[in-house]
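Dock chain to chain to rebuild the complex, using the hints, since each chain is given by itself in its own frame.
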Amino acid sequence: MRKTDDIVNITREKLVSALGNDVEPVELKWPNYVGFRLLTPRRITDVVKELKKLGYAQVTLITGIDKPQEGVIELVYKFNRMDSLVMAWIYTQIPRDDPKIPSITPICKSANPHELEVYDLMGVIFEGHPDLRHVFLPWDWDLGSPLRKDWDPSLAKEYPWWERTREFYDPFVIPETEADDIYYLSIGPQHPAVHGSFRLILKLRGDTILEAWPDFGWVHRGIEKLAESKNYEQNIVYTDRLCYGSAITWNLTYVLAIEDLLGIEVPERAQWFRAILAEIQRIISHLLWLAAFSGDIGTYHSMFLYPLREREKFLDLLEKACGSRLTYSYIRIGGVGIFKHAEDIPETWFEETKETIKDFRKRLEEYMDITYANETFWMRTKGVGILKGKAAVEAGATGPVLRGAGIKYDIRKVAPYLVYDQVDFEIPTGKNGDAFDRWWVRINEMIQSTHIIEQIIDEMPKQGPLRTKVPLPKLRGKGEGFSRTEDPRGEASIYVVGDGSDKPYRLHIRSPTYANLSLLHYILRHAKLADIAVIIGSLDPCMAEVDR
Amino acid sequence: MQDPITMIASEINKQIEMILGYIFGLLGLPEWLYFPAYVLVLIIIFFLLFTVDLLFIVWMERKLIGRIHHRRSVTETGPFGFFQNIADVVKLLIKEDIYPEKADRFMHNLVPPLLAATALIPVVLIPFGPGIWFLRMNTSVVLFFAIATLVPGLVLLAGWASNSKLPAIGAFRAGLQLISYELPLGLSLLGVVLLAGSLDFVSIVEAQKNIWFALVQPIGAFVFFVASIMELERAPFDVPEAEGEIIVGWRTEYSGIKFGLFYGTEYFKLFVSAAAFTALYLGGWYGPFFPSVIYFVLKLHLVIIMMIWVRITFFRPRPDQLIRIAYTKLIPLAILNLFLVVILAPYISYLL
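Chains G and E are the protein sequences, given in the same order.
All the letters of the first sequence, read from the start, carry residue numbers 31 to 578 under the numbering used here.
All the letters of the second sequence, read from the start, carry residue numbers 8 to 359 under the numbering used here.
Everything labelled a hint here was simulated from the structure, so no lab data went into it.
Be careful, since some hints might not be right.
Stated by the list, open to error - As a list, the in silico DSS-like pairs of lysine-lysine whose alpha-carbon atoms are at most 27 angstroms apart:
#1 G:K392 <-> E:K70
#2 G:K233 <-> E:K109
#3 G:K233 <-> G:K59
#4 G:K384 <-> G:K350
#5 E:K216 <-> G:K558
#6 G:K412 <-> E:K336
#7 G:K384 <-> G:K461
#8 G:K412 <-> G:K83
#9 E:K109 <-> E:K70
#10 G:K412 <-> G:K558
#11 G:K343 <-> G:K97
#12 G:K438 <-> G:K82
#13 G:K233 <-> E:K70
#14 E:K70 <-> G:K343
#15 G:K97 <-> G:K44
#16 G:K461 <-> G:K438
#17 G:K392 <-> G:K343
#18 G:K82 <-> G:K461
#19 G:K350 <-> G:K412
#20 E:K70 <-> G:K558
#21 G:K492 <-> G:K388
None of these values were measured; they are calculated from a predicted model.
Chain E on its own, in the form it takes in the complex (with noise of 0.2 angstroms):
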């Protein structure tokens, strides 16, 4: 059976194809501009998708935390309070715009595009669906992993340039949890590539065709579970920018829209964690009848309400504490599951 979702696709890529064709024939254009031009038109009509997504993210955690609270939530703006987050971003854009009296201008200015770029540009490299992404190479999860690298610096960098003493203490405490998620991440990713065989991703949802990874290695998605939501600086893992101690921790400082921008980079960053534990554990597109890219946004969204979930229940450890969990806990059951990959992989590739 063929998926309805790629047949569209591949019908709307030739109707691209031609307009973009009848187009450069028009107006005589030269024939080395016809692929940045295709490009350009993939990426708008990939943003429109992926910007309505993420206002529907953002509505759907306020909705479905307003109803674990008892409460309604948004309900004025639009239907069901849908153009409320619109609403906010013409807000934030609105605002003043508010410096430290001795903040780093320049830096202060510099890190809120740079760090929502860093959060947004790993999204090139996750399949969406079959055939549906923007690069395939065969190290593509270790690029993936090398850009989520950059985000504590930046992440220091921002407190540091507002020169204020608790966006220090939060950048200072961001620095220390990125570093440290980022080993019991690594290694329980190790298992994945392990049993795939390739470092790439549309190779590692492949192997996933007949059985899922979290269900082979439940142990090693958990850990990568847990890490990534380290990694998001979300609740009960927001330590960074615990409300109660230190304010808002390394965006005190920021007003208008640089907060807008770090507000954007949270969503940006849920996104693409959740894509990639669809992608690594979750079967990617794959699902009953027919592979689709259906399957992986549904599969997607269900990772970022487990999350959500996850946000509205637990208490927040204390910054020690966080570290312990990683070092004592997470590490050791990252190993542990390395050791159980490596001595059941041959019956597990009987499954595969």
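With the rest of the complex left out, here is chain G (with noise of 0.2 angstroms):
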């Protein structure tokens, strides 16, 4: 692996030398990170031809940021490398009042869900995107964007939100010139495949689907909205509610953010029992996403059972630990926990993990012969909503789901936060791609998981403060805060911009979902019906997480 500082010079010294004056460096205030200032919007489709080819795979996020005072809005692009952990961030401002700027979509498939959630959100129209339209809002809302500073909340009010609810089919009626063996078909917003509230429209002829296209927002909370009205602390609690299946997560990939921004130092104890938290959290996850997937492959019984039997102990724990079972706001600026409490982890909860997880490991075993030893399992997954390796890349997936494509591509190692580059755990992959992959690298991650938290028993320090005391009036920051994690549905980030006051002046947050989930319009291309439950089901989705 070269070295980050040498990508850093390359990077800078390209990119500038192909663009010229239309850019000009900036310095980040991290060193790994390299920044530009793209004076003309319009060659924006330049920069990214040209990040390509250096090797930048992927659009993280692209944030608006509203400044009404400069009558601009600011666009943050943020590219990420496989090989790497060095970021390369495009600073550029449209004017407000005409913000228009050049779709880098037909060039990199990864950026359409975070052009359509800016287009949608925000109000900037990427010319040139091949299929603009609303996700989150209604596909004919015309009242103003609601992340610009001076939008109204009650605009929200003169949609005529129940008379619109029998015409779904609106934005996608179907042509009359189609052929008459073709179909169209609404999958959800209510149905037991899409594990929330999400529609798919199949194109289909006969079993076999020809086009599809996920549609999203029904139920988006604006959280992001909400955020810049709630100080720093209160926002924790949000961030539970991002996800019902891994909030310690959330609230992680949160509180670095914040602390980054406030340039908060962490006890290190607190870190080690950070990664413990984040860690079982991981296991929960996947255990709810196993019995999940179990059911939509067609057993409502034991394998959907049993993992939720597993789920419970280790919930159990964390209970014993935060004191609540599903959202725990637990991880708190500065450290773990309330001030009061924050010492009080006793000895007992750590043997009690290690046990814990002893017997899970015996559990797995069980799994196995349900599911590993039996034929129609694999008749269901092999081969199943193939998405292999570079393709995946393009298309900006994350997580589990790159990783089944055989990339090894791990946040926790590539770009490691708290003490994931003190313990040792390796990163599973698969080969194909399908669904099957997706399962093994999950199963396996969950193993990886148990080896991680018993080394961090052994190793973390035995005593020791929890947390740093951070006064609320203290709690305020000028700049930015990033942090990005490995959420066990994939890469999570929150890019925080802070004007000085206690309450965030915007909060964007990278749902790995929502990037994975934009994958089905390539994945289900072909594929049979029968099989759509089992594609959505392997690409773990958390609906609450992409409505945010």
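If you want it as structure tokens, here you go:
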């Protein structure tokens, strides 16, 4: 692996030489990230082409920041690469009244969901986008862009919500010229295959899917907008609600971003303890997924309830540490938990965790007997929903979906946070990128997580504070904060901009599920109707996270 | 040794005849009404027993699945939750009946009772014990499967009448599946018919007096068992109503008592298939000491338990994979079974 400094320097030189005076390098707060300011937004496509040549494979995030005083919307494009922790950030400003910028989706597929999101909530028009439409808002929304600072929330009442309920199909009017043997099917928003509320519009011939369009936003809550009216400490509660399956990891992602913004040091013991919690949460999330996935394959019986039974034991562990079952709000700014109880993790808790893990390993073997040893399971998952190697990177997959496709990319290894650089673990990868490989990766990740937890319990400091005291008035920051973590579902990151007050000026959440579910458009092509449940299930959807 | 149940049955029969004769004498009813009245009384008695047994089967399934899941299942209503099913039936009865807007209302109403009746009629052909059956004829096996063939048509009608996409897909899948299961089912049956030398259920059971056909031709018994689970549309072969994919397939648009009838149909079919398997392969009412209806009921419930067990363990194949299993695995196995039976018939008849 090349040194990060080299990559940063090469990127800076190449981009400046390619675009000349149109870009100027920006010194970022993080030495490993390389930043540019693009002075002519029209040349964004050239920048992306150049970055792709340099190995920046994916767009992680496109953030729009509304700046009414300056009359501009600032767009921040963040690119990541598969082999290193270096990221390239492109800042560019477009006028507020005429927010137009060329779309990069035709060059870089992974930008698609992010561009749609910015168009939807910030009102930026991406010229040349193949399918620019509202994803979260209703399809015919014309009452302004909610994330702009001057948007009036009472406008939402003017939208005729109840008249629209019967017109679901309108954005996808069936053309009359279509051949007779083609039909359209709407899966969802309430459907057992879709784990929450989202809709798939399928164009079918017989049992074969010709084209699929995912449609989100049925329970969008506007957490990013709400966060702008609460202070940094209060917002932790919202991050719990991002995903009921893995609240701790979202707490962690948010808190890491805020600590980055405010420059808060965290005690060492708290770092270790956070890692234990995150890994327990990963096991819980994967167990919940395993149950749901087995249900998708067609047994709402044994394999549906056994993982939930084991999950309950891990939930008990978290309940003993945090005091609640699903929404913990336990990882706080400066450490873990409430001050009073911060040092109260009893030694018995760690022993209990070890025992639960031992028990869990036996259970995993039991699962193998039901799934891996069963021919029907192989028949249903092998060769289903294939997304392989480079195509997965191109399309913007992260997490187990990407690792199932055979790419060794895990934020815990690539850009270690907490104590992951001090523990020993492997990244399981698949070969064919089908549903079976995603299952295989997640099962092995659970095993790796148990190893990580055991190592941490052995190696973590036995004494010490679990939280530094940060008085509430000091929770004010100016500048940028950024974090990225390996969520059970993929790469999660939070980008926060502070303006010196105690509230975030802009909080942007990258939901891995949103990016992964957007892949359905590519994966479902030529799949069988009977496989949609397996394919959707193998992506591990968590709709609360998409409709954030 | 005499079977006590048979004795009790014949005693009850005598009592019924006496009471009926007394009533007829008292009211002065015409002679020709006697036989229909007698049959009606028998049917009422049978269906009381049948209903109780069905309630027991549903309860047993719930409890068994609960145990395998490490949970308690129904506990609240009645002793061990036994009356939960009755509560469910009452709930289904008082629910609102919802039609899809563009449904064919006549068909929508007609299909559920018709399907339930079609599933139930084969019961009359099954011999439950020595001398305990409704109808004996020398082609009863043929009639049994002829009635079963009506089911795919009715299922297609049920899906079609809803005038909705998911039920239509489910119905087509059901039609496809039910047609492809019938070949292995019929082929595996030929072995039994050859050995027994008869198409009559009673003669087939009597031919197994010394040894069960399941032991003589295990391959045929296996094929018949798998094919009859396919016929039942129960998990793991519940492709037509795959929950995760097409909700509940052809039943999606039916609610209230119509859904209740479909639900009942599933258990009628379960009962009938298990009974047919018992009569054809497990020696019917024969057992140690004396032939008795007790053995039949016992074997019947064991077969049902086996079917429940299969249901909760395996994953569901895709429709095309299911058809492939039927055509590439089950049919060759059934033909192999037929060959073996034909070749080994002289030796097997030694055992019979």
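To see whether the hints hold, each was checked on the structure:
no. : hint              : verdict
1   : G:K392 <-> E:K70  : holds (26 angstroms)
2   : G:K233 <-> E:K109 : holds (22 angstroms)
3   : G:K233 <-> G:K59  : violated (48 angstroms)
4   : G:K384 <-> G:K350 : holds (14 angstroms)
5   : E:K216 <-> G:K558 : violated (50 angstroms)
6   : G:K412 <-> E:K336 : holds (20 angstroms)
7   : G:K384 <-> G:K461 : violated (32 angstroms)
8   : G:K412 <-> G:K83  : violated (34 angstroms)
9   : E:K109 <-> E:K70  : violated (40 angstroms)
10  : G:K412 <-> G:K558 : holds (13 angstroms)
11  : G:K343 <-> G:K97  : violated (48 angstroms)
12  : G:K438 <-> G:K82  : holds (19 angstroms)
13  : G:K233 <-> E:K70  : violated (42 angstroms)
14  : E:K70 <-> G:K343  : holds (24 angstroms)
15  : G:K97 <-> G:K44   : violated (30 angstroms)
16  : G:K461 <-> G:K438 : holds (11 angstroms)
17  : G:K392 <-> G:K343 : holds (14 angstroms)
18  : G:K82 <-> G:K461  : holds (24 angstroms)
19  : G:K350 <-> G:K412 : violated (40 angstroms)
20  : E:K70 <-> G:K558  : violated (36 angstroms)
21  : G:K492 <-> G:K388 : holds (22 angstroms)
Hints 3, 5, 7, 8, 9, 11, 13, 15, 19 and 20, counting from the list given before, are not met by this structure.
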